[in-house]
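Undergrad: Sequence:
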Amino acid sequence: MNVRNWFFIGILVFAAIGLGSSLFTNPLGLMKQVIFIIVVAAAIFGVYRFLSGRRPGAGEYRSFAKAAKQSKKRMKHRQTPSKQSSSAKVKPLRKRSAAHLTVIEGKKGKKKDRAIF
109 MNVRNWFFIG ILVFAAIGLG SSLFTNPLGL MKQVIFIIVV AAAIFGVYRF
159 LSGRRPGAGE YRSFAKAAKQ SKKRMKHRQT PSKQSSSAKV KPLRKRSAAH
209 LTVIEGKKGK KKDRAIF
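Quick note: the sequence shown uses this note's numbering, first residue 109, plus one each step.
Mixed in with the good hints, there may be bad ones.
[Claimed, not checked] Ranges between beta-carbon positions, derived for each pair:
#, residue 1, residue 2, range
1, A150, R112, 27 to 33 Å
2, I152, L131, 21 to 27 Å
3, V155, L120, 26 to 32 Å
In case anyone wonders, no lab produced these hints; they're calculated from the structure. Note that the structure is predicted; figures quoted are calculated from it, not measured. We put the beta carbon where it would ideally sit given N, CA and C, even for glycine.
Using the sequences and the hints given, assemble the complete structure.
TA: Pasting the structure below:
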């Protein structure tokens, strides 16, 4: 473990000791502190959400979401005429005639006469 890990472990140990001693000596004060921290964090989060909702791109996203919802609704109500595709139709099987192929014996042993460059 490097020095940074030991430093954080030491801080966590001191925090646990302080929390434990505060819990045993003044539990009501600890509860007040926890509630105060939660209220402050909620207030900061609320201010952030309020300010981030006023950015210029938010209206564009709202318009896009509305258009997407309308498109989904329109596509849901549209019914396509059901056609059978040509590959789905059953064609009567036709017996194929046998291919009349013959094997031509060639000169396999003789090599080609190639010009030397």
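Undergrad: All the hints need checking, so say for each whether the structure fits it.
TA: Hint check results:
The hinted window of 27 to 33 Å between A150 and R112 holds, with their beta carbons roughly 32 Å apart. Distance hint for I152 and L131: a CB-CB separation of about 26 Å, consistent with the stated range 21 to 27 Å. Taken as a hint, the range 26 to 32 Å holds for the pair V155 and L120, whose Cβ atoms sit roughly 30 Å apart.
Checked against the numbered hints given earlier, this structure breaks none of them.
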